[in-house]
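J.: The residues making up each chain are set out below.
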Amino acid sequence: MATEIYMPQLGLTMTEGTVTRWLKRPGDTVKQGEPVVEIETDKVTTEIEAPTDGVLGPILVEEGKSAPIGGVLSYVLAVGEPPPATPQAGLVAATPTAPPTPSAAQPSAPAEAQERVIATPRARRKAHELGIDLSQVPASGPGGRIVEADVRWFADQKAGPAEPAKEPLRISPVARRLAAELGVDLSTVQGTGEGGRIRREDVERAAAARQVAAAVPPIPSPVPPVAAAGAAEALTGVRRIVAERMTRNFATTPHFYLTAEVDASALTRMRDGLLPRIEAATGIRLTITDILVKVCAHALREHPEINVAYAEVSGGPGLVRQVEVNVGIAVALEDGLVVPVIRQADRLSLAEITARRAGLVERARAGKLSLTDLEGGTFTLTNLGMFGVDQFQAIINAPQAAILAVGRVRERPVAVGGAVVIRPTLYLTLSLDHRLVDGAQGARFLERLAQLIEEPYLLLD
Amino acid sequence: MPEMREITIVEALREALAEEMSRDPTVFLMGEDIGRANGVFNVTAGLQDEFGKERVIDTPISEAGFTGMGIGAALTGMRPVVEILFCDFMTLAMDQIVNQAAKLHYMTGGQAKVPLVIRTLMGAGRGAAAQHSQSLHAWVAHIPGLKVVMPSTPYDAKGLLKSAIRDDNPVIFFEDKMSYQVKGLVPVGEYTVPLGVADVKRVGTDVTFVATSSMVQVALAAAEVLAQEGISAEVVDPRTLKPLDKETILESVKKTGRAVIIDEGHLSYGVTAEIAAIIADEAFDYLDAPVKRLGAMDVPVPMAPVLEQATVPNVDQLVATTRGLFGRRY
Numbered sequence: 010m011a012t013e014i015y016m017p018q019l020g021l022t023m024t025e026g027t028v029t030r031w032l033k034r035p036g037d038t039v040k041q042g043e044p045v046v047e048i049e050t051d052k053v054t055t056e057i058e059a060p061t062d063g064v065l066g067p068i069l070v071e072e073g074k075s076a077p078i079g080g081v082l083s084y085v086l087a088v089g090e091p092p093p094a095t096p097q098a099g100l101v102a103a104t105p106t107a108p109p110t111p112s113a114a115q116p117s118a119p120a121e122a123q124e125r126v127i128a129t130p131r132a133r134r135k136a137h138e139l140g141i142d143l144s145q146v147p148a149s150g151p152g153g154r155i156v157e158a159d160v161r162w163f164a165d166q167k168a169g170p171a172e173p174a175k176e177p178l179r180i181s182p183v184a185r186r187l188a189a190e191l192g193v194d195l196s197t198v199q200g201t202g203e204g205g206r207i208r209r210e211d212v213e214r215a216a217a218a219r220q221v222a223a224a225v226p227p228i229p230s231p232v233p234p235v236a237a238a239g240a241a242e243a244l245t246g247v248r249r250i251v252a253e254r255m256t257r258n259f260a261t262t263p264h265f266y267l268t269a270e271v272d273a274s275a276l277t278r279m280r281d282g283l284l285p286r287i288e289a290a291t292g293i294r295l296t297i298t299d300i301l302v303k304v305c306a307h308a309l310r311e312h313p314e315i316n317v318a319y320a321e322v323s324g325g326p327g328l329v330r331q332v333e334v335n336v337g338i339a340v341a342l343e344d345g346l347v348v349p350v351i352r353q354a355d356r357l358s359l360a361e362i363t364a365r366r367a368g369l370v371e372r373a374r375a376g377k378l379s380l381t382d383l384e385g386g387t388f389t390l391t392n393l394g395m396f397g398v399d400q401f402q403a404i405i406n407a408p409q410a411a412i413l414a415v416g417r418v419r420e421r422p423v424a425v426g427g428a429v430v431i432r433p434t435l436y437l438t439l440s441l442d443h444r445l446v447d448g449a450q451g452a453r454f455l456e457r458l459a460q461l462i463e464e465p466y467l468l469l470d
Numbered sequence: 004m005p006e007m008r009e010i011t012i013v014e015a016l017r018e019a020l021a022e023e024m025s026r027d028p029t030v031f032l033m034g035e036d037i038g039r040a041n042g043v044f045n046v047t048a049g050l051q052d053e054f055g056k057e058r059v060i061d062t063p064i065s066e067a068g069f070t071g072m073g074i075g076a077a078l079t080g081m082r083p084v085v086e087i088l089f090c091d092f093m094t095l096a097m098d099q100i101v102n103q104a105a106k107l108h109y110m111t112g113g114q115a116k117v118p119l120v121i122r123t124l125m126g127a128g129r130g131a132a133a134q135h136s137q138s139l140h141a142w143v144a145h146i147p148g149l150k151v152v153m154p155s156t157p158y159d160a161k162g163l164l165k166s167a168i169r170d171d172n173p174v175i176f177f178e179d180k181m182s183y184q185v186k187g188l189v190p191v192g193e194y195t196v197p198l199g200v201a202d203v204k205r206v207g208t209d210v211t212f213v214a215t216s217s218m219v220q221v222a223l224a225a226a227e228v229l230a231q232e233g234i235s236a237e238v239v240d241p242r243t244l245k246p247l248d249k250e251t252i253l254e255s256v257k258k259t260g261r262a263v264i265i266d267e268g269h270l271s272y273g274v275t276a277e278i279a280a281i282i283a284d285e286a287f288d289y290l291d292a293p294v295k296r297l298g299a300m301d302v303p304v305p306m307a308p309v310l311e312q313a314t315v316p317n318v319d320q321l322v323a324t325t326r327g328l329f330g331r332r333y
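First to last, the sequence lines map onto chains A and B. Each residue of the first sequence is one higher than the one before, starting from 10 at the first, in this note's numbering. Each residue of the second sequence is one higher than the one before, starting from 4 at the first, in this note's numbering.
Isolated chain A, as found in the complex:
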């Protein structure tokens, strides 16, 4: 029996995935658990394994094409078994499917695929309304049925990503009018109504968030118009995701920032002292970041009011008090940024943190992070010290309440007891979500971070 290989759902926010590479060709023998196709989502690149032993069927979603969650990418067939007629195929590419084996001189599949399409009445009605050919729509419903969501998804796809900033499909008339009045860009508004419909409240919230953001001093100047030379190009992949996330986080989270210069003498001494021991034990070199993860985790455990996340509660603002202390670390990639998470960092030894960090960074650079590596963060640490940055302000990794931006350790002149002395120092800049945390709370947390860095033996208390 043909077993579907379909686009898995790898996270709550995922709606579709892109096939980046087929690791097997149609007709290849595959073993259960063997990777057959590589896919990319908005968060990760991952491999999908063969669900069972058999032979790979026709490729229904070509490399570079995307499919909705549940969309069928191919089948694992028994030897000699023909692929199923494709009413439930995840046929997303407009081009006809390639035949199972390139050399096979069989009658081509598309001619035979004109069988009855299984779709719900509601999906048929919607397809009729939108003028969509149901045989082109990938099915995700139970029993391979095309449901309304598939038709909507397909309609959105057909509109094409290349088109300039298309308005979301579902907007209430009131919301549309209000957005025009307030000058809110609907493409940046998250709909909370039925089926993600943008409602009046959503537009109001976006407008309010914009105002709060404008009240915070370090607001970036509006993006200048694209220079006439050179055509604008659409962002893709991780870059696009980063662009969308940052826009949304920065627009909807009212940031404020607290900075402190910290004496790093003890920190560097500690690192120098522990490095050989940890390297001997784990084979990995201890970094300042590792110690800072430990420091942050320790301070977060003491300051649960910072270890919170923003949440909507029945349409209004709310917060989640996090149980675990999971510290995310920002890792720069060639074309973007990921934040893998060191879970329960408050319970790990420095050696353990070092080993975890090294593993996560390695997987991040190789594009092999799993969803588990990325989920669950309750606080983020970002360190640009190694790039020679003295001090910077980071955008909060929403819905978390805070992010710590760390600059380089450098010898700087500081005043000590009425005299100027040279000390290694570093700048800590804490960005906080003002909806959840006030200045004094943030300051106490920052003070504790500074204290732990200047007197790291306090980590033992």
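You may find that some hints are simply not true.
[What the hints assert, rightly or not] No more than 30 Å apart at the CA atoms, straight line, and that leaves these computed lysine-lysine pairs for DSS-like:
| id | chain 1 | residue 1 | chain 2 | residue 2 |
| --- | --- | --- | --- | --- |
| 1 | A | Lys167 | A | Lys33 |
| 2 | B | Lys258 | A | Lys167 |
| 3 | B | Lys295 | B | Lys257 |
| 4 | B | Lys257 | A | Lys167 |
| 5 | A | Lys377 | A | Lys74 |
In short, the hints are calculated from the structure, not lab data.
Starting from the known structure of chain A, fit chain B onto it as the hints suggest.
T.: Below, chain B without anything else, positioned relative to chain A:
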């Protein structure tokens, strides 16, 4: 907003009876153990003291006889409220209910009317075995000329019972024995709930639960579980099977595209089948999944509590059935 207080379904029903008896001298009660014994489930507690033995009449165990008396009284201008303790015993009075009460208005060309209310008990859950645990409301809902009411909350119970007493047609009023102690807000003053108007007990967007009587609580609990998974369920309580508020049900299903119907009667040939057929017929183009039904298993209700529970629709079943309506995209 009128002043509200929290009372049980038992208290709500007692208030409805007392208020209607005070308001209208033609209203009187008849049934087994309703007077001196205060009613087996305490619904009529204190009413005989308040209104006297002539208006709260203890009858012998003789369902066919006192139901017939009730019909006769109704034909002559009274508004009797007859209690048949368990609906399992309604079988004994079926000729009176089906061939007399339901027919006389029609067969006299509208000259006679039968403003009779029969209060009766339905539902499993007390380990009362196969002859005291049935839910036979579909039997009477099948008969033209009868109205059938199934309240699920104290507010609805009181308002619907008052409307039933004031209605000129025979009304069979089903009370669920496990729901008697369900509490809810009820206004202090006078109000009624019209027969034939459904109530949306929870608003949702992804699936419609049409639930009757005690199954409303099951539906609300399941909706809560499903909300955690991102499935938003709307709970529609028809409140009366006859007349049935098709519009509210259809409107909800047209919005959500999915429907699960939950009723404690046996699954086969029951209430769920009727409502499912209406949805399939009149909301066909809006359906995004097959209409599902949950009812009591097609077996006599067992006495052993574990087995009894297994035969009645429960939250887990409803959650599982609903999940099955959603594809991999959710």
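J.: Give a verdict on every hint.
T.: Cross-check of the supplied hints:
With a C-alpha separation of about 28 Å, the suggested pair Lys167/A and Lys33/A falls inside the 30 Å cut-off, and the hint holds. Under the criterion of a C-alpha separation no larger than 30 Å, the hint pairing Lys258/B with Lys167/A is consistent with the structure, at around 25 Å. For the hint linking Lys295/B to Lys257/B, the alpha-carbon distance of about 15 Å falls within 30 Å, and the restraint holds. At roughly 26 Å between alpha-carbon atoms, Lys257/B and Lys167/A fall within 30 Å of each other, so this suggested pair holds.
Using a Cα cut-off of 30 Å, the hinted pair Lys377/A and Lys74/A holds, with the two alpha carbons roughly 20 Å apart.
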